[in-house]
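Asks: Here is how the chains run, residue by residue.
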Amino acid sequence: MKPARFDYARPETLDAALAALAEHGPEAAVLAGGQSLMPMLNLRMARPGLLLDINRIPGLDGISLEAGLLVIGARARHADVLASPLVRQAAPMLTEALHHVAHPAIRNRGTIGGSISLADPAAEMPACMVALGATLVAASARGERRIAAEAFFRGVYATALEPDELLLRAEIPAIASGWTHGFSEVSRRHGDYAMAGLALALRREGARVTKARIALCGIEPAPRRQHAAEAALVESGAEAACVALSAPDAMEGAEVTAAHRLHLARVLLRRALAN
Amino acid sequence: MDHPDEPTAEIALTLNGEPIRARVPLRQNLVDWLRHGQGLTGSHVGCEHGVCGACHVQVDGRVVRGCLMLAVQADGARVETIEGATETGRIRALQDAFFNRAALQCGFCTPGMLLQAAELLATNPAPTRTEIREALSGNYCRCTGYHAIVDAVEAAAAVLRA
Numbered sequence: 004m005k006p007a008r009f010d011y012a013r014p015e016t017l018d019a020a021l022a023a024l025a026e027h028g029p030e031a032a033v034l035a036g037g038q039s040l041m042p043m044l045n046l047r048m049a050r051p052g053l054l055l056d057i058n059r060i061p062g063l064d065g066i067s068l069e070a071g072l073l074v075i076g077a078r079a080r081h082a083d084v085l086a087s088p089l090v091r092q093a094a095p096m097l098t099e100a101l102h103h104v105a106h107p108a109i110r111n112r113g114t115i116g117g118s119i120s121l122a123d124p125a126a127e128m129p130a131c132m133v134a135l136g137a138t139l140v141a142a143s144a145r146g147e148r149r150i151a152a153e154a155f156f157r158g159v160y161a162t163a164l165e166p167d168e169l170l171l172r173a174e175i176p177a178i179a180s181g182w183t184h185g186f187s188e189v190s191r192r193h194g195d196y197a198m199a200g201l202a203l204a205l206r207r208e209g210a211r212v213t214k215a216r217i218a219l220c221g222i223e224p225a226p227r228r229q230h231a232a233e234a235a236l237v238e239s240g241a242e243a244a245c246v247a248l249s250a251p252d253a254m255e256g257a258e259v260t261a262a263h264r265l266h267l268a269r270v271l272l273r274r275a276l277a278n
Numbered sequence: 064m065d066h067p068d069e070p071t072a073e074i075a076l077t078l079n080g081e082p083i084r085a086r087v088p089l090r091q092n093l094v095d096w097l098r099h100g101q102g103l104t105g106s107h108v109g110c111e112h113g114v115c116g117a118c119h120v121q122v123d124g125r126v127v128r129g130c131l132m133l134a135v136q137a138d139g140a141r142v143e144t145i146e147g148a149t150e151t152g153r154i155r156a157l158q159d160a161f162f163n164r165a166a167l168q169c170g171f172c173t174p175g176m177l178l179q180a181a182e183l184l185a186t187n188p189a190p191t192r193t194e195i196r197e198a199l200s201g202n203y204c205r206c207t208g209y210h211a212i213v214d215a216v217e218a219a220a221a222v223l224r225a
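Order-wise, the sequence lines are chains Z and C.
Mapped onto this note's numbering, the consecutive letters of the first sequence carry residue numbers 4 to 278.
Mapped onto this note's numbering, the consecutive letters of the second sequence carry residue numbers 64 to 225.
Since the hints were derived computationally from the structure, they do not count as laboratory data.
Worth double-checking, as some hints may not be accurate.
Between beta-carbon pairs, the in silico distance windows are [unchecked claim]:
#1 Ala-75/C with Arg-207/Z: 23 to 31 Å
#2 Cys-169/C with Val-246/Z: 45 to 53 Å
#3 Lys-5/Z with Cys-169/C: 51 to 59 Å
#4 Asp-65/C with Leu-46/Z: 17 to 25 Å
#5 Glu-150/C with Gly-71/Z: 47 to 55 Å
#6 Pro-82/C with Ser-180/Z: 34 to 42 Å
#7 Arg-211/Z with Arg-155/C: 56 to 64 Å
#8 His-210/C with Asp-123/Z: 27 to 35 Å
#9 Asp-123/C with Arg-273/Z: 42 to 50 Å
#10 Ala-277/Z with Thr-71/C: 52 to 60 Å
#11 His-66/C with Asp-123/Z: 33 to 41 Å
#12 Thr-71/C with Glu-15/Z: 18 to 26 Å
#13 Pro-61/Z with Ala-75/C: 15 to 23 Å
Glycine residues also receive a C-beta, built at the ideal position from the N, C-alpha and C atoms.
Bound-form chain Z, shown alone (with noise of 0.2 Å):
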């Protein structure tokens, strides 16, 4: 239960950085808050020949909230967001989906972007991403990337990010008027990997619903839009919606039946709109 061996470089600058990706990319593993990955290299699933440690980069776990775009650094970490005023104003969704991510310890010191770019397929900030349109920015010797989120995430802990590529920011759209966010989740425990999790959100005119995002976590192997769900929603209503979740992909496990994950998802949207 001890790391294997590795190099270890903690750059100070980006630049550095880009230049220890560009040299190194493939055998490099990208240490920031560490909550996943240290885990890995204990149980030594992953074995990488560098530790590249981007804790002493400045610049890079800003929060900002400017002409409607909310920017979160990738290096933000979890209580940050989670306690920032601005998130809660532009994007209600990341902090009520903060609530589920692990626990208090782990949300000190794990980052956003380290959730994003590791896209594991339980975790709440891949399926919010997606939900709420945001632009994920990565950067590589080679300049800088903007990347959809729809775009972003392939698979199990597989993202459209390069070997050399290291992710910078998400830039979110601010919620904008007569639209609510939600998010929810099962899981076996507080904090546990989502058995289910549904990011939501809705513009209403009156009680009618006329647009709608829909993404879930902990589901398929990657986060979507429920696209046959939000147009079921807009025109037939909530159970309509319920009936067009679809999960081709569910995973399927010894616990949770890909069925059963499926099942979780509908009955989260069940309640949502039931509020």
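Please build the complex by placing chain C on the supplied structure of chain Z, with the hints as guidance.
Replies: Below, chain C alone, put in the same frame as chain Z:
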């Protein structure tokens, strides 16, 4: 990790209020260094993958998992262990309440529980029982069934408010 060719690094930090310099193996976890390098055995090693919370220590004013941070990352930081927190008296009300309510049996989880509960009470002086349970959701106790622990935190909060 005692091999002569084990890669190491020099660190300088404040540990329980005292400045300290040390040479640590690059791959050594913070909690292992505290226990084996510094003899501070109040932080316990349970699961070694961030699940149980027995290894909690405070780094720069925040409770973290000592098994999910490298000792080399504590360079420049302010680290406080259960020994330091006890010495300053800042968790005394919680310790008294744990004792009075018998909120421990074997005591293995207790240091981690105390540090996490102290962080909760620092930001939320009057937590509900649900909030206490959520704050301690990342701390395993295999003896008590948790009720006495929640009682103790509630009681300590009341003492601190008085």
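Asks: Indicate, hint by hint, whether the structure satisfies it.
Replies: Taking the hints in turn, this is what the structure says about them:
1. Ala-75/C with Arg-207/Z: 23 to 31 Å: violated (56 Å)
2. Cys-169/C with Val-246/Z: 45 to 53 Å: holds (51 Å)
3. Lys-5/Z with Cys-169/C: 51 to 59 Å: violated (24 Å)
4. Asp-65/C with Leu-46/Z: 17 to 25 Å: holds (22 Å)
5. Glu-150/C with Gly-71/Z: 47 to 55 Å: Roughly 50 Å apart at Cβ, these two residues keep to the hinted range, so it holds.
6. Pro-82/C with Ser-180/Z: 34 to 42 Å: violated (54 Å)
7. Arg-211/Z with Arg-155/C: 56 to 64 Å: At roughly 57 Å between Cβ atoms, Arg-155/C and Arg-211/Z fall inside 56 to 64 Å, so the hint holds.
8. His-210/C with Asp-123/Z: 27 to 35 Å: For Asp-123/Z against His-210/C, whose Cβ atoms are near 32 Å apart, the range 27 to 35 Å holds.
9. Asp-123/C with Arg-273/Z: 42 to 50 Å: Given a distance of about 43 Å, which is inside 42 to 50 Å, the answer is holds.
10. Ala-277/Z with Thr-71/C: 52 to 60 Å: With a Cβ separation near 59 Å, Ala-277/Z and Thr-71/C satisfy 52 to 60 Å, so the hint holds.
11. His-66/C with Asp-123/Z: 33 to 41 Å: For Asp-123/Z against His-66/C, whose Cβ atoms are near 34 Å apart, the range 33 to 41 Å holds.
12. Thr-71/C with Glu-15/Z: 18 to 26 Å: At roughly 20 Å between Cβ atoms, Glu-15/Z and Thr-71/C fall inside 18 to 26 Å, so the hint holds.
13. Pro-61/Z with Ala-75/C: 15 to 23 Å: With a Cβ separation near 20 Å, Pro-61/Z and Ala-75/C satisfy 15 to 23 Å, so the hint holds.
When each numbered hint is compared with the structure, violations occur for hints 1, 3, 6.
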